[in-house]
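Chains A and B are the protein sequences, given in the same order. According to the numbering used here, the residues represented by the first sequence are 1 to 338, in order. According to the numbering used here, the residues represented by the second sequence are 1 to 173, in order.
Everything labelled a hint here was simulated from the structure, so no lab data went into it. Glycine included, C-beta positions come from ideal geometry on N, C-alpha and C. Check the hints yourself; a few may be wrong.
If the Cβ cut is set under 8 Å, some of the chain B residues that face chain A in the computed set are [what the hints assert, rightly or not]: (1) 100; (2) 102; (3) 107.
Below are the DSBU-like pairs computed for lysine-lysine, each with C-alpha atoms no more than 30 Å apart in a straight line [said to hold, decoys possible]: (4) B:40 / A:226; (5) B:98 / A:297; (6) A:221 / B:132; (7) A:8 / A:59; (8) A:264 / A:318; (9) A:295 / A:45; (10) B:149 / A:149.
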Amino acid sequence: MAEDIKFKVSIDGIPVEVPPGTTILNAARQIGGDIVPPAMCYYSKLEGSGGKCRTCLVKVSKGSEKDPRPMPKLVASCRTTVMDGMEVQNITSPEVIEARRGVVEMLLINHPLDCPVCDQAGECHLQDLGYEHGLEGTRYEFERRTFDKIDIGDKVQLHMTRCILCYRCVFVADQLTPQRVHGILGRGDAAEISTYIKNAIDNDFSGNVIDVCPVGALTDKTFRFKNRVWFTKPVDAHRDCPTCSGKVTLWYKGEEVLRVTARKDEYGEVEEFICNTCRFEQKATSDWVIEGPRKIKHTSVISANHYEQLRPPAVVKKNLTLQEANKEQFERADRLLP
Amino acid sequence: MQSLSNRKKVLEQKPMNFWERIYLPAIFQGLSITIKHFFKRIPTVRYPEVKRPYSKNFRGQHSLKRDEQGRERCTACGLCALSCPAEAISMISAERQKGEEHLYREEKYAAVYEINMLRCIFCGLCEEACPKEAIYLDGEHVTADYLRKDFIYGKDKLVEPRFDFVKEGETTT
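Bound conformation, chain A alone (with noise of 0.2 Å):
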């Protein structure tokens, strides 16, 4: 009987039926679009994660059936659960995006903005994030926060001025591999990303840190400054991996394969988490089967100057003789499509 109980949520307007226990913004994601506000700390995958960006703050104008009043403040919808009845305004209320503009802003005040030099750029969060909700210049006149160099291995490089402290590399030590070798040090302002007395992170699963992070604090040193990530072409593959699934996006320059990340789902979170030696080891073509290109939305970069795609205007759908004009061209996107 009580597992049957659904809450009827509604979230810019939009109705929705989910358990009781959901997050507001997993009732978000389940209706999708543009209402799911931006998470860089949140993790579906992750145990505890969220709660520390405080980029998908959203307004409560109604708290449940049974008690009406909205809620005080704006609150963390990764974190906060649904009640019966309520009433969530996302993108609706201008109060949110303002709150939002400030988060951004106060996320950008220690990043040094170096995406010409990151290799992150392309795929990362946080210049989405800045793209959609941020300012031009900054406010901030001091001098960013600098960090000496560590080293992390010889397979991830760590950038710790890039860093926006989401923990979820954390979690990723905590849960996914046996020896957690990294963590924060230091407090507030000095908190920081760094390995107990410079230990290596050496774990079969570690490089999943380099996936989850939102920001190009951590990346791949086999693909530093290799190429940019939107001058190659992701390819969907698998191999049979003993500690992992092997599902895989490959990812090619030409006939090379320059990196292997975990695939990436719409909100940037990886569907599977895949080993070490599928993430570095493995970058010949020989050693995967293929299965098809991967789909990039059309609004990233990275599906910047790729035609292959057919997007006949909205009117073409209904008019009859401008689909017989256009027969040709539909027959062959057909044909090159898979």
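Following the hints, position chain B against chain A.
Chain B in isolation, oriented as in the chain A frame:
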């Protein structure tokens, strides 16, 4: 048929009068125009020796700029190549080694930077896309050549020559 715009003028040819029939006034009029041009300033420029000044917003050959310390500004971010509608630009990046800080401004630099001048349409989008103010189309015309391969300009032709600062008290050798 009636004209739609009402701007049509119908010409009719009248028979020539006496002065027109002897043709001499028309010949002298034509000759006078020709002779007048002997005394006018010649607009032709003898091109390779004499060059016309380029306009300020002329877009010619690209140059990769250096910063005020003479280091290369380009970090091989690839935005010029991404924005290039003709896909004329390609590059290979490399990491700056220790001791090369006086050569390259950032951690990463373009080890190879090539522009295919046959592909380039001189639209200036690379200049606009560059976040580091490293590329400008401020050169002159790209010169003609005989072989296609000679139109692929590498860093040897694109990078601005090192300008030497002479500090006060120092002398150049």
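Consistency of the hints with the structure:
1. 100: Violated, about 14 Å.
2. 102: violated (18 Å)
3. 107: Status holds, d = 5 Å.
4. B:40 / A:226: violated (62 Å)
5. B:98 / A:297: violated (39 Å)
6. A:221 / B:132: Judged against 30 Å, a Cα distance of about 24 Å means the pair holds.
7. A:8 / A:59: Holds - the C-alpha atoms of residue 59 of chain A and residue 8 of chain A are around 17 Å apart, at most 30 Å.
8. A:264 / A:318: violated (34 Å)
9. A:295 / A:45: holds (21 Å)
10. B:149 / A:149: Violated, at roughly 43 Å.
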